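Full structure from sequences and hints, please.
In this text, residue positions in the sequence shown follow our numbering: the first is 1, and each later residue adds one.
I should point out that these hints are in silico values taken from the structure, not numbers from a laboratory. Source: prediction; values computed, not measured. Positions of the beta carbon are idealized from the N, C-alpha and C atoms, including for glycine. Incorrect hints may have been included.
Here are the simulated DSS-like cross-link-like pairs (lysine-lysine), alpha carbons at most 30 Å apart as the crow flies [unchecked claim]:
hint, residue 1, residue 2
1, Lys59, Lys26
2, Lys131, Lys26
3, Lys131, Lys28
Restraint-style ranges between C-beta atoms, simulated for each label pair [claimed, not checked]:
hint, residue 1, residue 2, range
4, Gln124, Glu65, 34 to 40 Å
5, Val52, Trp91, 31 to 37 Å
6, Leu25, His125, 15 to 21 Å
7, Thr84, Leu25, 35 to 41 Å
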Amino acid sequence: MSVNCFVDTNILVYSRDSSEPDKQLKAKAWLTELWQQEAGRISAQVMNEYYVTVTQKLKPGLPKEQARSDLRALAVWQPLEVSTQLIESAWEVQDQYAYSWWDSLVIASALFLDCRYLLSEDMQHEQRVGKLEIINPFLMDVGVLIK
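This is how it looks when you write it as structure tokens:
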């Protein structure tokens, strides 16, 4: 894959959610391909949301050490830290597209990291925000975008 792909928290969580086996399988396929292509990107926000969700909200939850191990592995995806510049960009996204604050911050992070795609189940499939295209990975096969 010659382009970067930002991964929203929900896709990472589904890869660990055995209560949704179809989504778990598809999320794992996407993440495996992004891993192999070295094309995945995340933010510190996504890492924090993932940790809280899989250790406190997912039933059964992951042990803390497993969640921490996951996040250590994902660190190679160059997680973006929150900055004043990123917050300003997120406000622009929120004002122009009427996304929630947290989704606006994810979109701004993806744009800042020069990603072409954002994988998320929670946002409008195939919507464009600047050069970024939002993709619901459960509506599209991994091979369509990657390779």
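Results for each hint:
no.: 1; hint: Lys59 x Lys26; in the structure: holds (19 Å)
no.: 2; hint: Lys131 x Lys26; in the structure: holds (25 Å)
no.: 3; hint: Lys131 x Lys28; in the structure: holds (26 Å)
no.: 4; hint: Gln124 x Glu65: 34 to 40 Å; in the structure: holds (36 Å)
no.: 5; hint: Val52 x Trp91: 31 to 37 Å; in the structure: violated (24 Å)
no.: 6; hint: Leu25 x His125: 15 to 21 Å; in the structure: holds (19 Å)
no.: 7; hint: Thr84 x Leu25: 35 to 41 Å; in the structure: holds (40 Å)
In this structure, the one hint that does not hold is number 5.
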